[in-house]
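S.K.: In case you want the letters, here they are:
Protein chains: 4
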Amino acid sequence: MTVPRRLRLGMVGGGRGAFIGGVHRIAARLDDQYELVAGTLSSDPERARQSAADLQIAPERSYGSFTEMAQREAARSDGIDVVAIVTPNHLHHAAARAFLDVGIHVICDKPMTRTVEEAEDLAAAVPRSKCVFVLTHNYTGYPMVRQAREMVAAGELGAIRVVQVEYPQAWLTTHLEATGQKQAEWRTDPARSGAGGSLGDIGTHAFNLAEFVTGLRCAELAAELSIFVPGRRLDDNAQLLLRFAGGARGALWSSQVAPGNENALRIRVYGERGALEWAQESPNRLVHAPFGQPRRLITRGSEAVGPAAAHATRIPAGHPEGYLEGFAQLYRDAAELIRAREEGRVPDPNTMLLPGVDDGVRGVRFIATAVASSRANAAWTTLAE
Amino acid sequence: MTVPRRLRLGMVGGGRGAFIGGVHRIAARLDDQYELVAGTLSSDPERARQSAADLQIAPERSYGSFTEMAQREAARSDGIDVVAIVTPNHLHHAAARAFLDVGIHVICDKPMTRTVEEAEDLAAAVPRSKCVFVLTHNYTGYPMVRQAREMVAAGELGAIRVVQVEYPQAWLTTHLEATGQKQAEWRTDPARSGAGGSLGDIGTHAFNLAEFVTGLRCAELAAELSIFVPGRRLDDNAQLLLRFAGGARGALWSSQVAPGNENALRIRVYGERGALEWAQESPNRLVHAPFGQPRRLITRGSEAVGPAAAHATRIPAGHPEGYLEGFAQLYRDAAELIRAREEGRVPDPNTMLLPGVDDGVRGVRFIATAVASSRANAAWTTLAE
Amino acid sequence: MTVPRRLRLGMVGGGRGAFIGGVHRIAARLDDQYELVAGTLSSDPERARQSAADLQIAPERSYGSFTEMAQREAARSDGIDVVAIVTPNHLHHAAARAFLDVGIHVICDKPMTRTVEEAEDLAAAVPRSKCVFVLTHNYTGYPMVRQAREMVAAGELGAIRVVQVEYPQAWLTTHLEATGQKQAEWRTDPARSGAGGSLGDIGTHAFNLAEFVTGLRCAELAAELSIFVPGRRLDDNAQLLLRFAGGARGALWSSQVAPGNENALRIRVYGERGALEWAQESPNRLVHAPFGQPRRLITRGSEAVGPAAAHATRIPAGHPEGYLEGFAQLYRDAAELIRAREEGRVPDPNTMLLPGVDDGVRGVRFIATAVASSRANAAWTTLAE
Amino acid sequence: MTVPRRLRLGMVGGGRGAFIGGVHRIAARLDDQYELVAGTLSSDPERARQSAADLQIAPERSYGSFTEMAQREAARSDGIDVVAIVTPNHLHHAAARAFLDVGIHVICDKPMTRTVEEAEDLAAAVPRSKCVFVLTHNYTGYPMVRQAREMVAAGELGAIRVVQVEYPQAWLTTHLEATGQKQAEWRTDPARSGAGGSLGDIGTHAFNLAEFVTGLRCAELAAELSIFVPGRRLDDNAQLLLRFAGGARGALWSSQVAPGNENALRIRVYGERGALEWAQESPNRLVHAPFGQPRRLITRGSEAVGPAAAHATRIPAGHPEGYLEGFAQLYRDAAELIRAREEGRVPDPNTMLLPGVDDGVRGVRFIATAVASSRANAAWTTLAE
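Residue numbers (this note's numbering), protein chains in the order written: chain A, 1 to 385; chain B, 1 to 385; chain C, 1 to 385; chain D, 1 to 385.
Hint data in this document are derived by calculation from the structure and do not stem from the laboratory. Take these hints with a grain of salt, some might be off.
No copy is singled out in the list; a pair is fine if it fits within one copy or between any two copies.
As the list claims (entries may be wrong) - Below, in silico cross-link-like pairs of lysine to aspartate or glutamate (DMTMM-like), each with a Cα-Cα straight-line distance of 25 Å or less:
1) Lys182 to Asp348
2) Lys182 to Glu303
3) Lys182 to Asp31
4) Lys130 to Asp101
5) Lys182 to Glu46
Bear in mind the structure is a predicted one, so any value in this text is a computation, not a measurement.
Starting from the given sequences, assemble the full structure and let the hints guide the process.
M.R.: Spelled out as structure tokens, the structure:
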């Protein structure tokens, strides 16, 4: 066995004061498949410079713009293999295009773009580029989420009837964006976030999770978006009804004004023969309720999990893995996907679970469709395939 | 202090093989305020006779019809003070009228009637009769539900923004009514249940709980009713969006095809300053989440509960009370209300929490409105006051 | 089928201000097998009189002493069938003897007596009397406790290796008995409680539960008793190591100075092939962990329970039964045992689970042995059979 | 601010097939303070070579013995700063001495040595070496464990009375070591593990946690060690009573034959004014029960945590951190401690929480004392300071 070299990683966004950039870096490091060597870490040049120094990035590979970075890295013999885009949403599209167009693989945060047009443009650009494009719907990296998907796909629940998915948080219960808090500012700003508030920030995760776990496609939706905090410009609460192709019915709730909830993404799936429940804050557990039998607690790392979950775990049962490990799984799988692409071989089938550009398009359409439905008094609105 | 005599109780329905009748009888007995002395326990004469014997009801007070029972008990000097109506829904109206019209107090199971017309007729009959009418929305008898209501009313959550209420069960996951199971048969039969399936059986409880705890009134709703089990005639799954007067938003889910759920009524209420969560299967606990502070577990019987909950509890904290005790609370409060009525005095203010004929009308309207909305493709439909 | 008449019940203790007497009365009422007709409700004559009136006991059957009560009730043709003894511990023995000696069945609170000598005297008196004697180790009335016993007996865990049982409470964390609180006063008074503090009040329940569920007999123990609250005279914390006949090992902890615990009796049993866990505050659930498989949540009333639990339940799964129902089960089973005795027939085998005078002796010996061990610096001390 | 270079890390043990070595490597990587550059990864030369290649260690820095490694690394200008010792227990002492004696800092797995003599020898060697020595009692790296310690130290519970600590696992329920499973083999082999089985492997963690959180010192103990699996040579279950200096009392249970438990380390601490509870499998939560008030759920990353926990966390509340992050905290703090030592400055006070050689001595003495007590029929035995 030849041990592969670490992939060279660049980053756009994620300088001092950012949140998700640091998460991406830990995720990239955790399984030792990447080394961070270049970045456009901030639109502010001084902050960019300092942030690069913090991260031991060589000064000449700390760039002032992602355009410059894409060009110069593509020209280096030791240029980056892959870039992580971790900026606010409005920059995702242009940055992703810049790297795809020079043949650099992309790992991009979600929601993928601000508009459906941008999303479709990327969807066209990815195959043209022959690059790998991974969207960090990181909750799909949790082993027990993959276990759930695998069990549904194997028919353990029978035909799915009902999906209840929710993602409540508390942190925007007050007018936090008026206090100068940066995370709140951009997430509640339509110019940077797009048309969805809680819907875009977390509702897309919930939506993606529902489709990921069930393998079903939502065909239409009715959305009630609310703004509860005076002065806020984007929804801080969203309640949706979902109709899936094939007849399953769903409800989705995202909220950022729900005290007592930190990051309480939770999905419940009910089928003819049983049910599954998973909650992000206890991610190592999956409840399986076969109809007419006791509930069972399937745990990460135990004998009861199948290959998809086993693939996505590092340490034994009872030693909790968490958010960073789930996020890291996307990076680990992306490394395999990139290497397989470079080597012209078929990748490990587990990497097939990675969210890509199509999931990105779907998420952006989900936001746009929900906003349209809400404006039409929560009328049923078709979600284009 | 004079100890009051036990109230004389009659019962309509609840013979051998019934479920809820037995619950009513235990509830009536628990706090020793009633003695069961008469009944029309079954429409089948032999079963009625045997059931009366089981319950040590004198043979001459076991009646063949509730009409006869009302007439004859009203004529006795030791006739019943109050009747419990525990039949399938379609008989509630006629039975209640029979007793109200002869001046006998009524404790009636929910939903109150099959149709809005019947409900309105009862609403007119009750004040005319000068009788007490209690509807057994029994979940309002739980001390921690009353604690929740009291905390909301006291403003501990600030203005309410979001209400998530759900009531999933598993028991109709298969076509149980086709097997001869009696409970399933009448509950899935429009002639006996009315227009709602899961909606009428349990959705009304969820709806009532949402209004009871928040003190808000639902102004309009959008309902998606589904029948998942082939051959079934009434909804077995209902997902609703709710708009409350004053701007709060809600979602309600009732289901009888949700494996892993036994009787999982649960409510979560989110306000400007905090949240409350309560689940029927752990009824002695109420979670209070003041915004920005740790979640607190308020327990029945503890120093942290207020007078409404203290009124509705019997034994110390940590000694779980359950479903029967919550149900019994309605009977205990009804006894006080009846005695106060008879004695011409103001009752204990805690009895003001008892669900009555107006709640019954509201529940029946809720069902009718949801059915209408669902038929109109889940269009927003006004819920008449 | 002839419906049996209600058993006539008397009560010793349980007047105004008492706790457990009220619990016994609800328990006796719940399943409608008893009517309370006589009592010596208090040693204070005025309180006894008022308490009798509260309970609608005829004045002539409210007695000044249990001795008088036993004599006079035995002489009546409609005299009580059975007496409930719910006084502080120091009166149990004399009261029980008084009724047994005139042929009246006894239901007695625990611990059975203050001393081993008294306990052994009762053990001799019971068979001589031909009466039924039931000791209210009420936690054995919970259906899921009986389910646990049944599963262990059926070998589902294989040979038992380890038993961890605990019963922490918070209520004596401060010097409550110095404030005049009656419950605290007598429980911390050696003259009324006997040699055990937390050990006698709750440790005996834990010990009884361990033997009840496992079917094992504790052969020797090492006990560390502590008094943490200055001025207290009996242990408020007890930690014990247990050796069971056959080689299983156990640990027992009882405490009344453990903040955050209300009535947190909990048992965990580990065998060669699996484990069981049960907690009194969530009594409707039993966790079964077969070795190498997912944990299963067995719920009261579900398809997964066996006949012993089914016998001890009233309402469907998901409708929580609690402390009062568990307590009532002892009364219901006692009624069957008494009737079978009176009728000279073999009782329902489920009544074989009722704790009786031998369990009472064992509990008192447990206390005495633990006190002796503690005085010998927690030396291993044999628990006599 | 100058960004410090990464520390150069070597590893002894942890080759292919090992468990804890991989954990150490992820922990070292997570916060980007180390680069792994040298190793003696296996006593088998071929496995050592392959393992080094897997980890991209240069072949010339893959050594055949830790002695050679210590000498040669000490001689290099770019030699390792610190070594991680992750072998079975019997090699810890010699390996640690080899590196300390050449002035290389040591991070060592627990229990520190097989014997008290070896432990004391290391305790003498560490100050002489002027090196940092960190013992990976990794559970002290969890933020909520540090929060607990901080709260106890701040007097929020008042004087501590009772400590209940337990660490049950299931994995040795059968005779796993007879099947060739490597982890089971060495852990049940006295020659490699030392005198403690479950006691050494996990009981030491429980003991360390009890002293870490409470700040109390155990003065004497009574230990009941058992071997339940026929053919096993070391305890697989240990139940202990503990007496702490100052009067607090404790119980400790470790077991590897407890089905249903994966890695269920849990501690509960009770004081005059309140209690704390923490469980390793839900590590982001700490229950605080102030006496007489509702239980509170303090969560990692929330406003309710103090500086010690805040120091040890990376991502916001609700985004679970787990075992690897807790482990990584020791590496992060060790890096600070090493740099401060090298730079001759006072380290961040949070690094004062790191377990060191004294904790190692204490752990080894704990094992020896418990074994001695058990051999003396669980007699109280003094634990030397």
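S.K.: With reference to the structure, classify each hint as holding or not holding.
M.R.: We went through each hint and held it up to the structure:
Taking identical chains as interchangeable, the C-alpha atoms of Lys182 and Asp348 are never at most 25 Å apart, the minima being 39 Å within one chain and 28 Å between chains. Only between protomers do Lys182 and Glu303 lie at most 25 Å apart by alpha-carbon distance; the minimum there is 18 Å, versus 44 Å within a single protomer. For a Cα distance limit of 25 Å, the shortest separation of Lys182 from Asp31 across copies, 24 Å, qualifies, whereas the shortest one inside one copy, 30 Å, does not. Proximity of Lys130 to Asp101 under the C-alpha cut-off of 25 Å is restricted to the intra-copy arrangement: shortest distance 10 Å within a copy versus 55 Å between copies.
Taking identical chains as interchangeable, the C-alpha atoms of Lys182 and Glu46 lie at most 25 Å apart only when both belong to the same chain, with a minimum of 18 Å there against 53 Å between chains.
Of the numbered hints stated above, the single one contradicted by the structure is hint 1.
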